[in-house]
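Asker: Chains as they are written, first to last, in my numbering: chain H, 1234 to 1469; chain X, 16 to 252; chain Y, 70 to 495.
A couple of the hints might just be wrong.
Taking lysine-lysine and the BS3-like style, the derived pairs with C-alpha atoms no more than 27 Å apart in a straight line are [claimed, not checked]:
id	chain 1	residue 1	chain 2	residue 2
1	H	K1366	Y	K233
2	Y	K207	H	K1468
3	H	K1366	Y	K279
4	H	K1468	Y	K265
Because the hints were derived from the structure by calculation, they are not lab data.
One letter stands for each residue in the lines below.
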Amino acid sequence: MKKTKLFIAVGGMVLLGFSIFLVSADHIDAPNVSGTTTDLADLFAFEGDNPNNTVFIATLQGILTPGIVTENAIFDEDVLIEFNIDNTGDFIEDLVIQAIKRGDTMYFFGPASPSQTGLSSEVLTFANRNSVKISTVDNLEISNNDGMTFFAGPRRDAFYMDLNRFNDVITGAVAPDGFLPPGEASDFFENLNTLAIVIEIPNSMLGTPPAHVGGELGISGLPPAYNVWISAKRKQ
Amino acid sequence: MIKMTTFKIKILFIAFCSTLLFVQCVDDDDNGNVIEQETCDDGILNGDEEDIDCGGTACEPCIVGIEFGGTYLQEDMIGRPAINTVFSGSNAVKNDFNITLITDRASFQPIFEATLEAYHDIYAVALGIPIEDLDYETNILGLDAFNFTSLLAFFDTLQVAPNGQTTYFDLNTGVVLTGRTLADDAIDISLMLMFGGKSGTRFDGNNGTPQLTSDGVDSGDRDFTLPFPYLETPISE
Amino acid sequence: MKGLSIFVLLLTLNSCTKEVKEPITNTRDYNSFLINGIRETYNNALSEKVFWSNRLRPDSSGVGDLGPLAGAYTNLFEVTGNVNYLKNVEQLYKKAIKLSFQNKDIYIRSLAHNYISQHRFKEARNILEESYAGISNKHLTELMLFDVYMELGDYLKADEFLGKIKNNNDYNYLIRLAKWSEYKGNLEAAIRYLEKAKKIAESRGSKSLKIWAYINLADFYGHAGKLKKAYNHYLMTLNLQPDNAYAKKGIAWIAFSSEKNTDEAKRILDSIMIHHKVPDYFLFKADIAEYENKILESKKHRQNFINAVNRGNYGAMYNTYLIEIYAEKNPEKALELANEEIENRATPEAYHLLAYAQLKNEKLKEALHTIENFVEGKTFEPLALYHSVLIYKANDMNNKVKTIKNELKTAYFELGPVISIKIENL
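Isolated chain H (complex conformation) (with noise of 0.2 Å):
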């Protein structure tokens, strides 16, 4: 359900080598187009410790299996991840942070409003720029600065799920009972981390929410808030 992880299942893309050639090596093989580097997994977006402030946690090239292939999962320095803030309510980003790996640093501009909004983006080099050293397996790095924290590099999957139930269940005749009991359905991502860019931000920074967009569909009582939804974009 997890929108991305299936998609990168199909496997061989995560693993070191491509099908780089043949035994018989008389023509060349390309490497596999299946799964790339610019696929999201997953948007959390919660309270911090201190209450004051929001956290915004993007997760990125699912299904890394423990051991290398964790230890060799890199961010694409191709691939600009942005956190995107709707404060008016028309689903359009008002604020934008954007990070990006150049060597071993991930870094960060923003909040700031966008030159442009839309499909298309440039890095905002006029806005606030932070950075944080990429973590490694072993090694935790966090910076702090303009308020904010920040953390790049491979964490343990949050998210759970039945995933090969969830394809029999929507196939259908597979599983006329539908999802399996607890304790005989298995959470397909328990053992497996995945890439992960972490941003608390004090709330003051990210303007006045909106209206719920509850309201527009009959849901009343719920309180303003923002509309955030994380891109992943590729260098032309």
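Using the hints, position chains X and Y against chain H.
Answerer: Chains X and Y alone, transformed into the frame defined by chain H:
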């Protein structure tokens, strides 16, 4: 042999040039460097800084010379958990959804609604009920099929409330759509909203119904009480 | 001071212009990679296999586990050369296609990839075309359709699909454009595109894409006679992946073909052959032995090659090599295999082997007909030119022989000393 000699001379040549540069650097540094306590905002190259006020052990890494130019085009996006995978019905629609602006997603609502009904048809067949007799039922949030799929298609962003509890849906407090914590069971919540009907328990595996409102797994031994960055260290072998 | 630098500069330039033929390879650069304890890639692939197969349900019905397990087996195949792994992969993807509700097309592309590795090109094309017509990710399917049309010699279609996937900043497009340029005989352009792809791989910091770009660039540099660059790129590959057998084989080829250092080539091959069990190395050794005038040993290696292919469940994967070998000792069988290969893929590369087999069956006119209609002007591959020149010679077309002999002079490195000598003696 001749090649080797050349090589050495080349190295000598380079070494010679860099000596020159080095001399110049030292000259620069001598001009009025009187501050002894190095800080990362004193405007001077000191301590083990790699450039003025950056690099080394104490300061932020230098970004001089790091290229951030270029145009970046969207390939993927996520708002709420699970939406695209569950409702797009196919990998092809999923890819379109990922590169369509949130404000341009009107065409996805009918697809999502059709997928929602198709899931119900699958279980009508499994239960031996005519498919026209088993449809989506307005869910626990009071959303009918149109409004539910509109919420998912038009407004696929995560609502995050800065004041108060942040949760995808907390049945104990009744708070809903104010964020998504690590502990939130995003899958069970999604399933309940799809198959739970008004009560949230319409197809919960009881009374001869299939279990469609919970996938049967919880977070297991994951620890969600950790301080920043809140996620656990990677699983090792 | 100025005088000194100019002096140094002149000295540098002066010695650069001198053509001193020194060996390109240096054992110090790569000896550490020949130690057989280094089996990083294999160990990683193996632990991936163990991880995913332990999770697989007893009835192997967990669709999410099938893909990563197949990926692990694909890597195991690459690192060991054991073709049975490819068969496992095929079964896993077939099962995943059957089980998957939403992602069938992803598994179909993966299966097509596996078919291409097995030289089952028509099956690959059929499932890709079917998937393309149905619900599928069009762009990714188009990339793979280009690949398979190239393999099948359907260049009109390949051209059409190259147009569909055009994006000059996309690694996946650039490597295909390079392949297309090479087919068109424009090696310079092919190298330029691969160099651009290499830059993208480096800018992304992707190890696997870098390995892919380095190793293929190394081969292309070799074709273009830029051996130093080729050698450096093989070394760059080994720095990223110390147990990369293909890069080591590339270095062995430079040692043999360019430097005539047969002992060193054999030493490198021996170190690879312990873990990478593919038949190819026997042919390489046969070539070396032939060059050393050890005819018996050469025969022995060729027989080892045939035995290894026959033992190995390889299907059509080694047909092209078998045709060449059988042309000498069993021409009828060579002809039979060549016709099979044309049935499998009607490329100029298959046709020049057919012509060669026809020649060895003393069907001179047929061989000439094959060359003139299906090879001449349609491929720039040195081996195709070599077979063409043999056939022109047999048909007493001396002008053509002379022209092609000259053209082939630039391809001596790629063809190797044994064939080069034969060309000289024509």
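Asker: Next step is simple, just say for each hint if it's right about the structure.
Answerer: Results for each hint:
no. : hint             : result
1   : H/K1366 x Y/K233 : 40 Å, violated
2   : Y/K207 x H/K1468 : 21 Å, holds
3   : H/K1366 x Y/K279 : 23 Å, holds
4   : H/K1468 x Y/K265 : 14 Å, holds
Comparing the model with each earlier hint shows a violation of hint 1 alone; every other hint is respected.
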